[in-house]
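Visitor: So you can see what is in the structure, the chains are spelled out below.
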Amino acid sequence: MEAPARLVDLPTGATGTVASLSADQGLRQRLEALGLRPGQAVQVLRRGWWSGPLHVRVGMTELMLRRRDAARVSLAA
Amino acid sequence: MPNTGKSTLFNRLTGHHAHIGNWPGLTVDLMQAELQLSGRNVQLVDLPGIYDLRGHSDDEAVVRRFLEQTPVDLVLVVLNASQLDRQLRLALQVQQLGLPAVVALNMADEAARFGVSINAESLGAALGQPVLPLSAKYRQGLETLQHTLLEQLEAGPMAAVPEQLEERLAAADADLEGAMAALVERSVTLPGRWRDSRSRRLDAVLLHPLLGLPLFFLAMALMFQGIYAIGVPVQEALGGLLDQFGQLVLKPLLAPLPALLQGFLLEGHYQGLGTVMAFLPVIALFFLAMGVVEDSGYLSRAAYLMDAFMERIGLDGRSFVLSLMGFGCNVPAILGTRVMRDRGLRLLSMLVIPFSLCSARLNVFLFMAAVFFPPRIGGLVIFGLYLMSCVAAMLTALLFRGRFPSNEPLVLELPPYRLPTAGQMLSRAWSEVKHFWLWSRRFIIFGVVAVWLLNNLPVGVEPASSASLAGQLGRFTQPLLAPIGINPKLAVALLFGFIAKEIVLGGLAVIYGQADPAALSRAIASDVSWPQAVSFMLFTLLYTPCLSTVAVIRSESKKLSFTLLSVAWSLLLAWLVSFVAFQTITRLS
Numbered sequence: 000m001e002a003p004a005r006l007v008d009l010p011t012g013a014t015g016t017v018a019s020l021s022a023d024q025g026l027r028q029r030l031e032a033l034g035l036r037p038g039q040a041v042q043v044l045r046r047g048w049w050s051g052p053l054h055v056r057v058g059m060t061e062l063m064l065r066r067r068d069a070a071r072v073s074l075a076a
Numbered sequence: 000m001p002n003t004g005k006s007t008l009f010n011r012l013t014g015h016h017a018h019i020g021n022w023p024g025l026t027v028d029l030m031q032a033e034l035q036l037s038g039r040n041v042q043l044v045d046l047p048g049i050y051d052l053r054g055h056s057d058d059e060a061v062v063r064r065f066l067e068q069t070p071v072d073l074v075l076v077v078l079n080a081s082q083l084d085r086q087l088r089l090a091l092q093v094q095q096l097g098l099p100a101v102v103a104l105n106m107a108d109e110a111a112r113f114g115v116s117i118n119a120e121s122l123g124a125a126l127g128q129p130v131l132p133l134s135a136k137y138r139q140g141l142e143t144l145q146h147t148l149l150e151q152l153e154a155g156p157m158a159a160v161p162e163q164l165e166e167r168l169a170a171a172d173a174d175l176e177g178a179m180a181a182l183v184e185r186s187v188t189l190p191g192r193w194r195d196s197r198s199r200r201l202d203a204v205l206l207h208p209l210l211g212l213p214l215f216f217l218a219m220a221l222m223f224q225g226i227y228a229i230g231v232p233v234q235e236a237l238g239g240l241l242d243q244f245g246q247l248v249l250k251p252l253l254a255p256l257p258a259l260l261q262g263f264l265l266e267g268h269y270q271g272l273g274t275v276m277a278f279l280p281v282i283a284l285f286f287l288a289m290g291v292v293e294d295s296g297y298l299s300r301a302a303y304l305m306d307a308f309m310e311r312i313g314l315d316g317r318s319f320v321l322s323l324m325g326f327g328c329n330v331p332a333i334l335g336t337r338v339m340r341d342r343g344l345r346l347l348s349m350l351v352i353p354f355s356l357c358s359a360r361l362n363v364f365l366f367m368a369a370v371f372f373p374p375r376i377g378g379l380v381i382f383g384l385y386l387m388s389c390v391a392a393m394l395t396a397l398l399f400r401g402r403f404p405s406n407e408p409l410v411l412e413l414p415p416y417r418l419p420t421a422g423q424m425l426s427r428a429w430s431e432v433k434h435f436w437l438w439s440r441r442f443i444i445f446g447v448v449a450v451w452l453l454n455n456l457p458v459g460v461e462p463a464s465s466a467s468l469a470g471q472l473g474r475f476t477q478p479l480l481a482p483i484g485i486n487p488k489l490a491v492a493l494l495f496g497f498i499a500k501e502i503v504l505g506g507l508a509v510i511y512g513q514a515d516p517a518a519l520s521r522a523i524a525s526d527v528s529w530p531q532a533v534s535f536m537l538f539t540l541l542y543t544p545c546l547s548t549v550a551v552i553r554s555e556s557k558k559l560s561f562t563l564l565s566v567a568w569s570l571l572l573a574w575l576v577s578f579v580a581f582q583t584i585t586r587l588s
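Taken in sequence, the protein lines are chains A and B. Under numbering that gives the first Met the number 0, the first residue of the first sequence is numbered 0, with each subsequent residue one higher. Under numbering that gives the first Met the number 0, the first residue of the second sequence is numbered 0, with each subsequent residue one higher.
Watch out, some of these pointers could steer you wrong.
[Stated by the list, open to error] If you only want the chain A side, here are some residues facing chain B, beta carbon under 7 Å, derived:
#, residue
1, Val-7
2, Gly-25
3, Gln-28
4, Gly-47
5, Trp-49
6, Gly-51
7, Pro-52
8, Gly-58
9, Met-63
10, Arg-65
11, Asp-68
[To be verified] Partial selection, computed: residues in chain A whose CB lies under 8 Å from chain B:
#, residue
12, Gln-24
13, Leu-26
14, Arg-27
15, Ala-32
16, Arg-45
17, Ser-50
Read the hints as simulated data drawn from the structure, not as lab findings. Each residue gets a CB set at the ideal place from its N, CA and C atoms; glycine is no exception.
Pulled out of the complex, with its shape left as it was, chain B reads as follows:
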């Protein structure tokens, strides 16, 4: 079942840090991890959360396909203990298929708080499957679960796939409601009235017809403000430290090497990595804050609050939430559109999400804003870029909703508010940051090597001069990019930014031949005017985020023509906006 803490349980059991979400159906890729059960090694696969084995969503089809194709030794059915009145369906369906199963009633702590009492033994006897109440979040009942899993595995029959899965489910479907009601009647006592007064009181304020939206945006604004207030000073300190390390430790160590290699390692490689590493605190804080918002249940409320508006621009509340998550990274946000069944809605969402200002682009903006503007104005510039990101997304939806019409019903669960635990949030932020770091490191090494080669070929050319490949390439783009104020050097950086935005800063460092951030700032400031810088930032914001985003749009839309449309539209919009901005500012000043 979606939203039952299945991923949390998976992580607790395997120690593997899968992404944890309080958003129905987020887990889309099948995660697999090794599980140690007192000496016995088992492979545990995290299947998508589903409501109904007979359902029509992509996730439900994935689970059906998986069960038809993969012989399993044991199924672990994870249900939300407080919602057994509707969730027992899945346990019954697994029972009908004759699959050996263990049923975990997660969030038992919450059920107790809401006044739901469950007789697990009588339920287990009726289902013919062991039923265990537990709390993955607070690590309660996990040992018993592992013990039971082992017991069932040792007693269980050989792994097999159920035959005629769909026919068997269909045959039993008519009796399902009755069977479920009988089970609940027998083993579950529901409270006379709803006892979650905390959610009730919070919703009265947070979902208020008038106050709800302003409060949400205020919360978001405070969140971003807080991230920068804490993150930017840390980032600057870290940047300084890394530079000192390069100058005082690495430089003497590398001194015996030839000058060219020395420059490449220190100014190219180390500097590129250092720039990104310095931004890790901001990114960690961002993921930490987003994780809290998501797991607290507030993100689902954002879908409720924004749906009326999103419906009018051809999208829905989920598109809004996914775009918001795109501010971290566009790739998982685009993968998240899998929860949408209607193709028009899904494609339109995929067209909109790449305009979300992701953390990699933020790198570039924080640097450029610091170079060209005093701190006070710099903050406004960043805010303006976020605003522009939203405007571009809305404009895109309005322009293309006619081409991608949709008629998908929207029915979403609003989970109770939950207090995320510190450990859970930290481990999540840590895994996101690790992912970002490994991901961007690959691109940076590749990008920096490529930029360096372009600047130093053909052999014997003066580095980064107009005779170098980079210079030629930059000049070649000038008829198109000069009107928007992008000079040949910036053009090369943008060209590489197409691969990933993480390369842009490292690329600039190589192009301007300045390793030290302060020296690089001065070099750029003396070469580029502030209207050019604004144009460069706008272009960076709006054009194709990175190759991975393009790749995932291609694989998710399964259409080359749509992928090309997405890339072409973002380039066109980027050029137009930069053109208008650059020409206007130049004329006015």
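Chain A with its partners taken away, still in its complex shape:
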């Protein structure tokens, strides 16, 4: 099975590795500051109702981010 290409496609409960961030500078800095940077393992804990945000864990930090923004995080194959 092919690995999901983006964080937003990662099934709930699954873990992937961040490959790159295709976001503007502001968002990239925020994501990196919260630990979401290339090489880090990220797990999707749950998805919000009504296409709500993702609840993810990266390192020792838990985050929520919108699906639109999670689509900007590419995962390593």
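Dock chain B against the given chain A, drawing on the hints supplied.
Guide: Structure of chain B alone, referenced to chain A:
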């Protein structure tokens, strides 16, 4: 770093009660306090919590500006001990700037619980800065910190500002990730798997896709119910006591004074202050409950739960949380929009927040509901007003989202659930209540004097008669306000309510010339019908909350046109809703 308990540490060190929040980036004004270090006096400034000295948020710019402009003797970097894997960035950046620093690893108790172990000495040696694990909440390691601060201050060089701050940070940025990883590798042991099972289990229920939202609203409903169940009887008892004190102690004391002055002091001033003082228990309980919700970490979860809905009306989860905090007071909620970078989103949030039913408006509603409705219905009326407050906010967002479009990404930290300590919560509620009291006292004295003057000028007029300034003013507004059932007396109260809602009740007491709450209730009830009262409450709910809110909207939006739009829209909406309600009820009954 945001959400590291920096404000708690600040309070613990200085004894100064700054606002403590479990909400990333809440501390927006720079708080400063004196710190005593065995005889040496130091000024400690609480800077906004930031992730990255090179970041683009307003807070990050504030810290950069501060460091460029203010020579500091020592920087105290506060990090969350369990999240060093990403937070060491800030300590490294401060090191690159050559600023003398001490690194506090706060929440060390939590880190230990999660299985994170830190070798502070080796970390300190690598950073060239003393590194101290501590827990501000449980007062662990604070003495060592003070001792170290003093040591570093005495050994440190003269205060200076770093030169070419941005260039130096940029030059070192490429190596930052590597340096951070090396530090973590060397001094921090992370647990093999996540050990915060408490947060995991709670989230499984509280963030449940179907149950999450109903549970949140149920919790809020119970919270408000509890506040009134405890607060209202206390408030009534306190009101009775204050009235007794006025009648039995103050009245005989003031007896030698001229009747006019006596009336002003007792019926105007004392009565106005007494009304507000009686509401303090409800307000204290409200802030206490909100503090618990906020510091427990549940408020951040509310942003997660509500984001999908808020996104569809042009806002985001943070706007929801800020509106919720607006139920306490609108002013800090509007200041809180500083965490938003997108201007459209920020302005739309600022337009929505003033519709949150704040504690000052609640004063008026609790009184009016008690006058016009039996207790059971009164509770429903208050609930209806809260509902109306939410509907008005949503309607406003829907109508104006086209004008203030936004495209801001939303990435928020969800902190672990924490048990707030009783002492922390009480000291916080106390400082909020003190603030409310000092704040409203100023307005009440001013407002009551103004209402009294309007009622008694021109000289020789019968107080509050139609010939007085107040009467003339009230009559002048009638073409506009008669269709919504607001009579001249109520109109004057609303006019003063524009300054602050705290004045409305005291103003009514002066206008109706009744000091005793029971007598005032009877006077109003005989002069005003219940449809008029409903209209009055709706108008009070929806029109401009207070001058301070207007002032803070002006200073935060930096646009007069936006401020005017906010005031005009709220007045228009208030008039329309009151008109529809008053006319409908009158026709039907």
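Visitor: With reference to the structure, classify each hint as holding or not holding.
Guide: Status of the hints after comparison with the structure:
Checking A:Val-7 against chain B by beta carbon gives a least distance of about 13 Å; that is not within 7 Å, so the hint is violated. A hinted interface residue such as A:Gly-25 counts as satisfied when its beta carbon comes closer than 7 Å to some beta carbon of chain B; here the least separation is about 5 Å, so the hint holds. Among the interface hints, the one on A:Gln-28 holds; its C-beta lies about 5 Å from the nearest C-beta in chain B, closer than the 7 Å criterion. With its C-beta approaching chain B no nearer than about 5 Å, A:Gly-47 sits inside the 7 Å limit, and its interface hint holds.
The closest approach between the C-beta of A:Trp-49 and any C-beta of chain B is roughly 4 Å, which is under the 7 Å cut-off, so the hint is satisfied. The restraint placing A:Gly-51 at the interface with chain B holds, with a minimum CB-CB distance near 3 Å, inside the 7 Å limit. Given hint, A:Pro-52 at the interface with chain B, holds; its Cβ is 5 Å from that chain's nearest Cβ, closer than 7 Å. The criterion of a C-beta within 7 Å of any C-beta in chain B is met by A:Gly-58, whose closest approach is roughly 4 Å, and the hint holds.
A cut of 7 Å between beta carbons decides the hint on A:Met-63: the least distance to chain B is about 5 Å, and the hint holds. With its C-beta approaching chain B no nearer than about 5 Å, A:Arg-65 sits inside the 7 Å limit, and its interface hint holds. With a cut of 7 Å, the hint placing A:Asp-68 at the interface with chain B holds, because the nearest CB-to-CB distance is about 4 Å. A distance limit of 8 Å between C-beta atoms decides the matter here; for A:Gln-24 the minimum to chain B is near 7 Å, and the interface restraint holds.
With 8 Å as the threshold, the beta carbon of A:Leu-26 comes within range of chain B, its nearest partner Cβ sitting at about 5 Å, so the hint holds. The interface hint given for A:Arg-27 is violated, since its Cβ lies 10 Å from the closest Cβ of chain B, which is over the 8 Å cut-off. Annotation: interface hint on A:Ala-32 holds; nearest CB of chain B at approximately 3 Å, less than 8 Å. A hinted interface residue such as A:Arg-45 counts as satisfied when its beta carbon comes closer than 8 Å to some beta carbon of chain B; here the least separation is about 6 Å, so the hint holds.
At its closest, the beta carbon of A:Ser-50 sits 6 Å from a beta carbon of chain B; the interface hint therefore holds under the 8 Å criterion.
Consistency note: the structure conflicts with the earlier hints numbered 1 and 14.
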